[in-house]
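K.L.:
Letter by letter, the chains look like this.
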Amino acid sequence: MKTAVIQFPGSNCDGDALHAAQLLLDQDAQFVWHTEAGLPQGTELVFLPGGFSYGDHLRSGAIAARSPIMQAVKAHAERGGFVLGVCNGFQVLTESGLLPGALSRNRDLHFLCRPVHLRVENTSTAFTGAYTKGQVIEVPIAHGEGNYYADPETIARLEGEGQVVFRYTDNPNGSLNDIAGIVSERGNVLGMMPHPERAVEALLGSEDGRGLFDSLKGALVSR
Amino acid sequence: MSTFKAKVFVTLKPSILDPQGRTVERALSHLAHGNVSGVRVGKYIELTLSGSRAEVEAQLKDITENVLSNPVMEDARWELSEELVGA
Numbered sequence: 000m001k002t003a004v005i006q007f008p009g010s011n012c013d014g015d016a017l018h019a020a021q022l023l024l025d026q027d028a029q030f031v032w033h034t035e036a037g038l039p040q041g042t043e044l045v046f047l048p049g050g051f052s053y054g055d056h057l058r059s060g061a062i063a064a065r066s067p068i069m070q071a072v073k074a075h076a077e078r079g080g081f082v083l084g085v086c087n088g089f090q091v092l093t094e095s096g097l098l099p100g101a102l103s104r105n106r107d108l109h110f111l112c113r114p115v116h117l118r119v120e121n122t123s124t125a126f127t128g129a130y131t132k133g134q135v136i137e138v139p140i141a142h143g144e145g146n147y148y149a150d151p152e153t154i155a156r157l158e159g160e161g162q163v164v165f166r167y168t169d170n171p172n173g174s175l176n177d178i179a180g181i182v183s184e185r186g187n188v189l190g191m192m193p194h195p196e197r198a199v200e201a202l203l204g205s206e207d208g209r210g211l212f213d214s215l216k217g218a219l220v221s222r
Numbered sequence: 000m001s002t003f004k005a006k007v008f009v010t011l012k013p014s015i016l017d018p019q020g021r022t023v024e025r026a027l028s029h030l031a032h033g034n035v036s037g038v039r040v041g042k043y044i045e046l047t048l049s050g051s052r053a054e055v056e057a058q059l060k061d062i063t064e065n066v067l068s069n070p071v072m073e074d075a076r077w078e079l080s081e082e083l084v085g086a
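Sequences listed follow chains A and B, in order.
Note that numbering that gives the first Met the number 0 numbers the first sequence so that position 161 is 160, with each residue one more than the last.
Note that numbering that gives the first Met the number 0 numbers the second sequence so that position 67 is 66, with each residue one more than the last.
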């Protein structure tokens, strides 16, 4: 699967994202700088990595969401291409309007960096097909602004349409409905605060993130 | 063409939990200001713009609503004043 890992000034999980993609998605992954106007030919997955793009100034993800490459990412998403935003990448997705809602300061104002447990709520998405429904996985979080918020109508729609894909079993940040990750209406864009790319090898403490990449590979084959 | 000073105020919507404001409120209470309530922490942004008033107002509205604030969770308002040259 040809993957483009977008680098913004302040991205710091870009190396992890590239490593996970190369390890689990057939090596064909490369960095793309945020000032680029287009994605590499044949890109199938756009990976917006974690970090602190532009130092989280203004709002986390706000400035990155308005950088040149995001026009190409939006076009890719509109074509049905896969987009995965992790942590700051999730913030960039909500700021750019590719996913609904917003991420605000954690309920207790602390930066949280530890493993958490997530329940897989929907296994009929391209990102979760390799998991079983209700499966609890261990994946790390590392964020100060992961408190998911959306207005009540949006939350009801997300819940009703099965767009809530991952839910915290022990909500660490105050997110509404314990939401940890959501997909777009079409199911081709996933945003999540926890880091599946940091849980792909036993050496890292958990391999539970592999399922997400295995799912994507499976989804591509069946397309 | 004139030069204008803009002041933009961004605050969390009333329905959004403001943990920063709550922490400040608690601190004030500890400092014997127990009569203070409703503390909300927001942002104040200054800009200088040049152009005609109509142009600048339209541009400022766009900047405020589409860049400086996130309408999902924030309210924003602005004040615009013409800057006197040489004053």
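Hint data in this document are derived by calculation from the structure and do not stem from the laboratory.
All C-beta atoms in this analysis are idealised placements derived from N, C-alpha and C, irrespective of residue type, glycine included.
Any given hint could turn out to be false.
To be verified - To give a feel for the contact side, a few chain B residues facing chain A, derived at Cβ under 8 angstroms:
id : residue
1  : Leu46
2  : Leu48
3  : Ser49
4  : Val71
What the hints assert, rightly or not - Here are the simulated EDC-like cross-link-like pairs (lysine to aspartate or glutamate), alpha carbons at most 20 angstroms apart as the crow flies:
id : chain 1 : residue 1 : chain 2 : residue 2
5  : B       : Lys12     : A       : Glu152
6  : B       : Lys12     : A       : Glu43
7  : B       : Lys42     : A       : Glu152
8  : B       : Lys6      : B       : Glu82
9  : B       : Lys12     : A       : Asp107
10 : B       : Lys42     : B       : Glu54
K.L.:
Hints first: check each against the structure and report whether it holds.
P.N.:
Structure-based check of each hint:
1. Taken as an interface hint, leucine 46 of chain B does not check out: its beta carbon lies about 13 angstroms from the nearest beta carbon of chain A, beyond 8 angstroms.
2. Because the beta carbon of leucine 48 of chain B sits about 18 angstroms from the nearest beta carbon in chain A, more than 8 angstroms, this interface hint is broken.
3. Interface hint status for serine 49 of chain B: violated, as the beta-carbon distance to the closest one in chain A is roughly 22 angstroms, over 8 angstroms.
4. Taking 8 angstroms as the C-beta cut-off, the interface hint given for valine 71 of chain B holds, the closest approach to chain A being about 4 angstroms.
5. A hinted pair counts as satisfied when its Cα atoms are at most 20 angstroms apart, and lysine 12 of chain B with glutamate 152 of chain A qualifies at roughly 16 angstroms.
6. Between lysine 12 of chain B and glutamate 43 of chain A the CA atoms are separated by roughly 38 angstroms; this puts the pair beyond 20 angstroms, and the hint is violated.
7. Under the criterion of a C-alpha separation no larger than 20 angstroms, the hint pairing lysine 42 of chain B with glutamate 152 of chain A is inconsistent with the structure, at around 27 angstroms.
8. With a C-alpha separation of about 13 angstroms, the suggested pair lysine 6 of chain B and glutamate 82 of chain B falls inside the 20 angstroms cut-off, and the hint holds.
9. Restraint check for lysine 12 of chain B and aspartate 107 of chain A: the C-alpha separation of about 18 angstroms stays at or below 20 angstroms, so the hint holds.
10. Between lysine 42 of chain B and glutamate 54 of chain B the CA atoms are separated by roughly 24 angstroms; this puts the pair beyond 20 angstroms, and the hint is violated.
In the structure shown, a violation is registered for the earlier hints numbered 1, 2, 3, 6, 7, 10, in ascending order.
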